[in-house]
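Asks: For reference, the chains in residue letters:
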Amino acid sequence: SQQGEEDPQALSIQEGENATMNCSYKTSINNLQWYRQNSGRGLVHLILIRSNEREKHSGRLRVTLDTSKKSSSLLITASRAADTASYFCATVPNQAGTALIFGKGTTLSVSS
Amino acid sequence: ETGVTQSPTHLIKTRGQQVTLRCSSQSGHNTVSWYQQALGQGPQFIFQYYREEENGRGNFPPRFSGLQFPNYSSELNVNALELDDSALYLCASSLARPSGANVLTFGAGSRLTVL
Chain C
532 SQQGEEDPQA
542 LSIQEGENAT
552 MNCSYKTSIN
562 NLQWYRQNSG
572 RGLVHLILIR
582 SNEREKHSGR
592 LRVTLDTSKK
602 SSSLLITASR
612 AADTASYFCA
622 TVPNQAGTAL
632 IFGKGTTLSV
642 SS
Chain P
3 ETGVTQSPTH
13 LIKTRGQQVT
23 LRCSSQSGHN
33 TVSWYQQALG
43 QGPQFIFQYY
53 REEENGRGNF
63 PPRFSGLQFP
73 NYSSELNVNA
83 LELDDSALYL
93 CASSLARPSG
103 ANVLTFGAGS
113 RLTVL
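Sequence lines, in order, name chains C and P. First residue of the first sequence? That's 532 in the working numbering, and the numbers climb one at a time after it. First residue of the second sequence? That's 3 in the working numbering, and the numbers climb one at a time after it.
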């Protein structure tokens with residue numbers, strides 16, 4: 532079963548624009564992570580935010596977490612064509628050990 | 003430092019057959035997780051191994067089984083293959099942390115097609 536749900540399912544933007552993806556989840560969590568996947572290959576970890584953190588930055592990435600709303604957002608600033616990929620949020624539910632549970636993903640397409 | 007390697011990269015099987023997929027963990031990692039990803043979907047958690055024992059399992063039937071070896075490499079076995087088992091199978095390794103903040107390093111996956 533899916534713990535997280537990303538929104539939108541697909542997003543198309545021009546190079547230089549910002550891309551915002553949202554994730555909602557169902558149960559209380561230990562941490563939330565974002566991963567990227569290119570063309571059905573393996574996933575690559577982007578950023579981790581703990582349940583007691585509200586915002587985190589890494590390069591052009593900004594992640595926010597609102598545990599009261601059980602939601603997170605990933606902002607990619609100044610998008611590049613190379614950012615074209617699928618993006619997944621993943622959570623570690625408090626009551627489910629340490630297994631990461633993934634959402635269905637947002638497919639981002641950045642055109643030049 | 004080597005990453006996670008999976009084999010084979012692609013394979014085709016017929017219904018009812020059995021398949022074994024292999025995974026070598028990243029150096030220094032002690033936990034292996036397996037995921038199934040159907041086309042257009044997110045990865046679904048199959049199970050996780052820590053110190054050679056199953057340490058969590060998703061909603062998959064017993065015909066999905068696994069092993070972790072002393073060198074932390076792992077196998078995923080699927081018996082009595084069904085058409086719906088066609089998917090990308092992803093192996094991920096991590097270093098177990100008491101805080102639960104385990105970051106996964108994924109392999110490139112094994113693409114299984116069941117005819």
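It is worth saying that the hints were derived from the structure and are not from the lab. A virtual CB, placed ideally from N, CA and C, is assigned to each residue, including glycine. Check the hints yourself; a few may be wrong.
Computed spacing ranges between beta-carbons, pair by pair [what the hints assert, rightly or not]:
#1 Ser640(C) with Asn32(P): 33 to 39 Å
#2 His12(P) with Thr608(C): 43 to 49 Å
#3 Gln545(C) with Ser67(P): 44 to 50 Å
#4 Thr16(P) with Pro539(C): 34 to 40 Å
#5 Lys557(C) with Leu97(P): 26 to 32 Å
#6 Asn625(C) with Asn61(P): 14 to 20 Å
#7 Ser29(P) with Ser543(C): 38 to 44 Å
Asks: So, for every hint listed, does it hold in this structure?
Replies: How the hints compare with the structure:
For Ser640(C) paired with Asn32(P), a C-beta distance near 38 Å keeps the hint of 33 to 39 Å intact. The supplied range of 43 to 49 Å is broken by His12(P) and Thr608(C), whose beta-carbon atoms lie about 37 Å from each other. Hint check: Gln545(C) to Ser67(P), Cβ distance near 48 Å, so the stated range 44 to 50 Å holds. Evaluation of the 34 to 40 Å hint for Thr16(P) and Pro539(C) yields a pass: the beta carbon distance comes to about 38 Å.
One distance hint, 26 to 32 Å for the beta-carbon pair Lys557(C) and Leu97(P), holds here, with the actual separation near 27 Å. Evaluation of the 14 to 20 Å hint for Asn625(C) and Asn61(P) yields a pass: the beta carbon distance comes to about 19 Å. Restraint check, Ser29(P) to Ser543(C): a C-beta distance of roughly 39 Å satisfies the suggested window 38 to 44 Å.
The earlier numbered hint that this structure contradicts is number 2, and it is the only one.
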